[in-house]
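Since the structure of chain A is provided, determine the placement of chain B on it from the hints.
Chains as they are written, first to last, in the working numbering: chain A, 911 to 1273; chain B, 647 to 863.
FYI, nobody ran anything at the bench for these hints, they're computed from the structure.
Some hints here could point you the wrong way.
To be verified - Covered by chain A, according to a simulated footprint, are these stretches of chain B (three or more residues, beta-carbon under 8 Å):
#1 744 to 758
#2 763 to 770
#3 775 to 789
Where is the CB? At the ideal position from N, CA and C, for every residue including glycine.
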Amino acid sequence: MSEQRWQIRLQLQQQQFTLKLDCSSTARVLGIFGPSGSGKTTCLESIAGLRPPAAGYLACGKYIWFDSKQALSLHPEQRGIGYVPQEHLLFPHLSARQNLQYGTQRSQDAAALLQEVIEVLDLSNLDRPIDQLSGGERQRIALGRALCSGPQALLLDEPLASLDATLRLRILPFLIKMRQRFNIPMLVVSHNPLELQALCDDVIALRNGEVIAQGTPITVFTNSDIYGSASAEGFENLLTGNVREHTAHSTSLALAPGQTGPSLTLLRQNSAIGSPLTISIPANDILIATESIHGLSARNRLPATIQQIQTLAGKVILTAAIKGVQATPLVVELTPDAIEELNLTLGSAVDLIIKSSSIAVYS
Amino acid sequence: MESLTNIVAMTVLWATLTTLIVLILAIPLGYSLARYDFYGKQVLATLTSLPLVLPPTAVGYLLLRLLADDGALGFLDALLSWKGILIACSIMSLPLVVRTARVSFEGVDPRLEQMSRTLGRSRWQTFRAITLPLASRGLIAAAILGFTRAMGEFGATIIVAGNIPGRTQTLASAIYSAQQSGNTQRANLLLLVALLVGFVAVFLSEWLSRPAKGGRA
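Next comes chain A alone, as it looks inside the complex:
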C-alpha cells in the first residue's frame, strides 16, 4: 500500500456544526467538494495555520504542520504553504510584480521560479498597480504569488468562483498547466465539480463538516448522495485531447494518441495542431443511440459501453466509457422511460451523440 500523502484530521467547532474531518489520500492533487457552509474554507484555513483546530493532525508528506497530541502548531509563516483565497487578497499598495515577489524570500531559486511562473501563467505588464488588473489577471497574480513563494503545498480556495463564465473558460487551462508544470501537492476546495474533475486525482465530499464520500472525481460525483448537489447547475463532463486537424468550420480533437483513434468535432478553434485542449460536455446534452441513424445533424457519434446505470431523483444517470479512450467515462442523464424503451443494461454497446455546439472549449 502506498504511503499517504495528505493526512487531514481535525476537529473545530463552527457556529452551526462541528467540523470533523478524518481523511487521508495518496493523491498529489486532492479536492474537497461541498456546498457553501460545509466547512471547506475552514478546513483550508486550518491547514494554512490561520485558524488552528481544537484537535487533530495535519500533514502532507514529510511536513507535519499541526499535531495536537504533540502540542505542535506551526505558525503560518513556518508552514511553507501557498494559499490562494477565493478573493485573491492581493496587496493593494504593491504592484503586480511586487505582489509576485512578496514571498520569494523563502524560495530556493527565486529569479528562475519567478520567470517560470510568469511564463506558465502568461503574465505581462507587471509594473501596473493591482487596481488596473482585470479579474483574470488578478487571479493569475494570486496564483503566481503563492507559487513564487516556493511552497511545499498549495491550497486553492474556489479558484474559479469569483470569475464570470467567460473568464472561467480562460483561467481553467492555466490551472491545468500549473498543475502539470509544478510538481507540488495541491489541495483544491470547490463547489464546482468541473474544477475538481479538471485538477484532482482524488476528491473528498463534505456535508455539514463531515466526510460523506471519497474517491476519483467521477466516482464521487456520480455517488447517489452527491450527484444532486454536483449537478445543481447541470453536470458537465470534462475531457482533454489534442487538436488533430482543422477544416473550414470545425476542429477535430483526438481523444486518444494516433491518427485513427476516436475524436470529437468541435466548432473551429484557433489552437495549433497537436496542442492540448480541455472541453466540457453537459450530461443532459448527450443522446444515446442503440442503432445506426442516418441523416443526423449532430457531428459526433462515439461508440461506447455502458458501465453503470443509477436512478436518482427521477433521473437515470448512466456512465459510458468511450471505446478506445482511456479517459474517465462520460456521464449521461436520461429519463427512466428512455432506459426502458431502449432496453439499456450494463455492458450494452451504444453510440453517444453529441452536437458540436454543446461542447464548451477551455482556452
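Only chain B this time, still in chain A's reference frame:
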C-alpha cells in the same frame, strides 16, 4: 517680553516631540485595540480616552499631584519645566491619536496580514510591510491631530509647567498673557499664527483621511 519667533519655535518643537512620544505609545495601543480581544480591553480603551472628556485643568491637577516632589512621578523633576509641557501635552493628545490610529488599523483588512504570514513573513515583518503602509495615511492624520492638540494645549500645561516666558511659555499661554495684560496687538498676532498652523494641520489631516486602498469593504 519674549519674541514671537521664539514662542512659535519652542511651541512647534514641544508639539513635535509630544507627537513623537504619543505616536510611540499610540501605535501599539491602537493596533492592540483594533486587532485583539484581551482581558481589560474596554478598561484600557476607556482610560486612554479619559483625557478627552475630563476638564484639562483636572488632568493638570492630577499630573501636578503625581509630579510633585512627594508624588509617584516626583523623580522626573518635571514641574515648571519643558518636561512638564511634554508630559501634559502627551496625556492630552493621546486619546485623539490612539482613536485615529485604531480606526486606521481597523481599516486594514486583517486577511491581508494573514496572506502575508502564509507567504513566509513573521508578525513583525507583516506589520512593517503590510499593516503600517496601508494604515500610513490614517497614522499621519493621527500625528497631525496630535500635533495640533499639543500646539493648542493650555489648561493642563499651565498647571504643570506654568507660564514662564523664555522657559515654559507656549503659543496658547502667550495668547492668554497678552490678552490678560491688554496687549491686543500681540494677542491678535499670536491668534493669527495659531489659526494658520491649526488650519494647515486640520486640512492635511482631512485630506489624508480620505478612503485609502486596501480598506475593508
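*Do three or more residues from the region 763 to 770 of chain B put their C-beta atoms closer than 8 Å to C-beta atoms of chain A?*
holds (count 6)
Practice prompt. Three residues minimum, CB to CB under 8 Å: does the region 744 to 758 of chain B make the cut for coverage by chain A? Let me know.
Written response: Holds, because 3 residues of the region 744 to 758 of chain B bring their Cβ atoms closer than 8 Å to Cβ atoms of chain A.
Between the region 775 to 789 of chain B and chain A, are there enough contacts, at least three residues with CB-CB distance under 8 Å, for the coverage claim to hold? holds (count 4)
Of the numbered hints stated above, none is contradicted by the structure.
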